[in-house]
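Chemist: Protein chains in written order, with this note's numbering: chain W, 4 to 424; chain Z, 180 to 460.
No lab work stands behind these hints: they were computed from the structure.
Misleading hints may appear alongside valid ones.
Said to hold, decoys possible - Far from chain W, by Cβ distances over 12 Å, these chain Z residues were calculated:
1) Gly225
2) Glu249
3) Ser285
4) Arg370
Unchecked claim - Straight-line Cα separation of at most 20 Å, DMTMM-like style, residue types lysine to aspartate or glutamate; simulated pairs:
5) W:Lys203 <-> W:Glu215
6) W:Lys300 <-> Z:Asp366
7) Z:Lys452 <-> Z:Glu441
8) Z:Lys381 <-> W:Asp399
9) W:Lys203 <-> W:Asp399
10) W:Lys300 <-> Z:Asp362
11) Z:Lys381 <-> Z:Glu262
12) Z:Lys443 <-> Z:Glu262
13) W:Lys300 <-> Z:Asp230
14) Z:Lys452 <-> Z:Glu390
15) Z:Lys430 <-> Z:Asp243
16) W:Lys386 <-> Z:Asp243
17) W:Lys154 <-> Z:Glu262
18) W:Lys277 <-> W:Glu215
19) Z:Lys439 <-> Z:Glu390
20) Z:Lys434 <-> Z:Glu207
21) W:Lys277 <-> W:Glu315
22) Z:Lys273 <-> Z:Glu403
Claimed, not checked - Calculated Cβ distances over 10 Å to all of chain Z for the following chain W residues:
23) Trp53
24) Leu219
25) Val257
26) Asp282
27) Ala364
28) Pro387
29) Ala389
30) Arg391
We put the beta carbon where it would ideally sit given N, CA and C, even for glycine.
Here is what each chain is made of, one letter per residue.
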Amino acid sequence: MRLVAVALAVVLSEAPSNQRAMAMLRDWVRFVDEHTAGETDAALDSLTAWTYNDLELLQAYVEALTEVPLNTQIRDVRRRQITGIDLAEIKERTKDLQRRGDFDRFRKRATILHTDAAILGAAPVVVDVPVPQSQRPRWAHGEPGPRVDVKSFDGRVERFERANPNWQYAMSLLESLPAAPRRDRFVAQWYRAVGAYFAKERNYADAVEHFERAQLVVPNDPLVLYGEACLQETLGAPRIQNYVHVTTLPNGLVIRGVSSPQTHLRRAESLLRKALTADPDFVEANLRLGRVLTQLKRPEEALPYLQAAIAESHDRTVTYYAHLFSGDAALALGRLPDSRLSYEIAMALYPDSQASRLGLAAALRAGGDRPAALAVMERTLVKPPASREGDDPWWDYYFGDAANVERLIGELWEPLRSRTP
Amino acid sequence: MMRAIVMLAAAAGTTIAAMQPTFSTRVEGVRVDVLVTDGSRRPLRGLTPADFSIRDNGVPQQIDIVSFGETSLNVGLAFDLSESVVGARLDQLKAASAALTAELHSGDQSALVTFDTVVSLPCPLSANRLCVRDALNAATPARETALVDGVFAGMMIGESDAGRSLLMVFSDGLDTASFIDTDRVLDMGRRSDVVVYPITTKGARPDFLEELASLTGGRLHEVEANGDLSATFRAILDEFRHRYLVTYTPKNVAKDGWHKLEVKVNRSGARVKARPGYQGG
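Starting from the given sequences, assemble the full structure and let the hints guide the process.
Modeler: What follows is the structure, encoded as structure tokens:
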């Protein structure tokens, strides 16, 4: 295998220029220069007009131009994709960009271009149900094809989509930014903002890969760790676990990235503990660690974290969650008066919140007061569902950092709107 | 599960009661809903207390009362009205509910809990037959599925009245939005008299509903996507109406903890379905 690969590389290095790829690369540099961060402009439209196959063809060229550090395996693959003539020209173009000044800004703006292409551009390409390698004819076996994601709503499979390659571009470009003496803060900022975007979009397929990559480049950033913990908590939640349990995909396909609830909750615990080590005053991390520990059937351990969140929180929703989950932990411990009190405080913060009322009803019922349990539940349940849509922050809990997504993405865009600072 | 059947004040007279600390004693009875069928799954009628034997944690118990078809019913409906139930399935649900309420007897009550992300109680427990129909006609399936929350609310409604309570849960079986933990509702099932009959579409594999049905003495029904829901609903009601309500006062067993129940009927070929036990204390 190795011999074949080397031979192929030699052949390619002497091959003529890939005119199309080089023309696309020149256009790509122009798009980066002309795009205004956060806007759907001509440059962005031109980029998103390229097909996913075009983008895959170009990726090796962009990585070479921006000097993305690659591991040996990927570097070998990429060398097979670029001819020697083209590589020499790309090196000259890199020097030009460096001479132009602030090459890192160019790389960041390139990251933003692809981020915007994914966020503001067309929806991902819908594809037919993929056929796994094992079911393809022998002649069609080879390198695995692009990742395909399954899109579902309310437990039903809606369609299959090809993974958007713009995210891969953005992550690679971030890796081109200097790692020493310390990683540019833009990298962590990007991982947090885009992680929040995936949470808002419930895009768990990209989110899993996103945070795997984040671990390599910003392994100790508390906000990124928190984002991944939110993802792990969601993957361990019934909403995902039930879906994976009952869903049978066609062609023997399997859903990747989802393990047992305990596995995900333990990962979330570990990430939140790391986040708290880096930032002990991180209120939301305390809150979520308390919740995760309760889910892991360790309510006694959970309560101090929830109390810390209550003590430090200045946000009504965070305080609501902390009281709500304290009610759960106390109920699990059989401390019914504490549990009732916690649910009552949560209910006072959001009077028509369904979760606080169901929790309080459960606590009252556990204490034997069924009429009171029924009354507390009925007061909200008799109201028409359509009038209650925004009544309970619980319904947004699993969206993690999504509530902050506009601010976080805005903060990414703001300093990079134009080519010059 | 443990309902107060007999409540005795242990006071000999008001004077003494006024002079001495007053204690009350509560003797709690256990009710067990029992389905007895023959080999063709037809309900066996005419059984008396002498035909039944009950062991509570292995200890034989004296049966106090056996009633059959005499008690009015509380029929709770907990319906999934999330986005996955849009279209033909909602129409089937409306038709099946109409068929069900038409079979209710005078004295029976019904209630409707609907759930998507939001759990709603458009019809509290009452004798009003039209409420369920009107509520379903006004319903617009939307959002996600808080199945566990909906079942919790349905069981609470079922427990709110001393009558015999049936809870029919219709869902595609996939919870995506609940706050209440499944373990809490299963624990509730161990302590409740409500008998749960879930109806789900084939392929949904709802472990939670299957376990809840088993714990409460009910039975899971799986229907085809376009199957006859009306017939299923009527069959469940008929089966529930033809169950025996067996009552006994536990003796020589600890009050707290899990009580394993063994219910037998001394008739050849009789098949018995009852809850496997109850949580005391």
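Chemist: Look at each hint and say if it fits the structure.
Modeler: Here is how each hint holds up against the structure:
Here Gly225 of chain Z stays apart from chain W, with its beta-carbon at least about 35 Å from theirs, past the 12 Å limit. Non-interface call for Glu249 of chain Z relative to chain W: holds, since the shortest CB-CB distance, roughly 24 Å, exceeds 12 Å. In this structure Ser285 of chain Z is separated from chain W by more than 12 Å, as the shortest Cβ-Cβ distance comes to about 25 Å. Some Cβ of chain W comes within 12 Å of the Cβ of Arg370 of chain Z; the nearest lies about 9 Å off, and the non-interface call is violated.
The straight-line distance between the Cα atoms of Lys203 of chain W and Glu215 of chain W is roughly 19 Å, inside the 20 Å bound, and the hint therefore holds. For the given pair, Lys300 of chain W sits about 15 Å from Asp366 of chain Z by alpha-carbon distance, which is consistent with the 20 Å threshold. Proposed proximity of Lys452 of chain Z and Glu441 of chain Z is supported: the alpha carbons are some 10 Å apart, at most 20 Å. Under the criterion of a C-alpha separation no larger than 20 Å, the hint pairing Lys381 of chain Z with Asp399 of chain W is inconsistent with the structure, at around 30 Å.
At most 20 Å may separate the alpha-carbon atoms for a hinted pair to count; Lys203 of chain W and Asp399 of chain W meet this at roughly 9 Å. As the CA atoms of Lys300 of chain W and Asp362 of chain Z are separated by approximately 11 Å, the hinted pair is consistent with the 20 Å bound. Distance hint between Lys381 of chain Z and Glu262 of chain Z is fulfilled; the C-alpha atoms sit about 18 Å from each other, no more than 20 Å. Annotation: proposed proximity of Lys443 of chain Z to Glu262 of chain Z is violated, straight-line Cα distance about 44 Å (limit 20 Å).
Restraint check: the Cα-Cα separation between Lys300 of chain W and Asp230 of chain Z comes to about 44 Å, which exceeds 20 Å; the hinted pair is violated. For the hint pairing Lys452 of chain Z with Glu390 of chain Z, the CA-to-CA distance comes to about 14 Å; that is within 20 Å, so the pair holds. A threshold of 20 Å between alpha carbons decides the hint, and for Lys430 of chain Z with Asp243 of chain Z the separation of about 12 Å falls inside it, so the pair holds. Our distance criterion of 20 Å between C-alpha atoms is broken by Lys386 of chain W and Asp243 of chain Z, whose separation comes to about 42 Å.
The hinted pair formed by Lys154 of chain W and Glu262 of chain Z meets the criterion: a straight-line CA distance of about 15 Å does not exceed 20 Å. For the hint pairing Lys277 of chain W with Glu215 of chain W, the CA-to-CA distance comes to about 16 Å; that is within 20 Å, so the pair holds. Taking the CA atoms of Lys439 of chain Z and Glu390 of chain Z, the gap is about 16 Å. The hint holds against a cut of 20 Å. Between the alpha carbons of Lys434 of chain Z and Glu207 of chain Z the distance comes to roughly 10 Å, so the proposed pair stays at or under 20 Å and holds.
Our distance criterion of 20 Å between C-alpha atoms is met by Lys277 of chain W and Glu315 of chain W, whose separation comes to about 19 Å. A C-alpha spacing of about 17 Å is found between Lys273 of chain Z and Glu403 of chain Z, which places the hinted pair at or below 20 Å, so the restraint holds. A cut-off of 10 Å between C-beta atoms confirms that Trp53 of chain W is not in contact with chain Z; the least separation is 35 Å. Annotated as non-interface, Leu219 of chain W keeps its C-beta farther than 10 Å from every C-beta of chain Z; the closest such distance is 32 Å.
Listed as a non-interface residue, Val257 of chain W keeps its Cβ farther than 10 Å from every Cβ of chain Z; the least gap is roughly 16 Å. For Asp282 of chain W, the non-interface assignment is confirmed: its Cβ lies about 28 Å from the closest Cβ of chain Z, beyond the 10 Å cut-off. Taking the minimum C-beta to C-beta distance to chain Z, about 6 Å, the non-interface status of Ala364 of chain W is violated against the 10 Å cut. Once the 10 Å rule is applied to beta carbons, Pro387 of chain W is inconsistent with being away from chain Z; the minimum gap is 7 Å.
Distance check on Ala389 of chain W: its Cβ comes as close as 8 Å (rounded) to a Cβ of chain Z, failing to clear the 10 Å threshold; non-interface status is violated. Not every CB of chain Z lies more than 10 Å from the CB of Arg391 of chain W, the least distance being 5 Å, so the non-interface label is violated.
Hint compliance for this structure: hints 4, 8, 12, 13, 16, 27, 28, 29, 30 are broken, all remaining hints hold.
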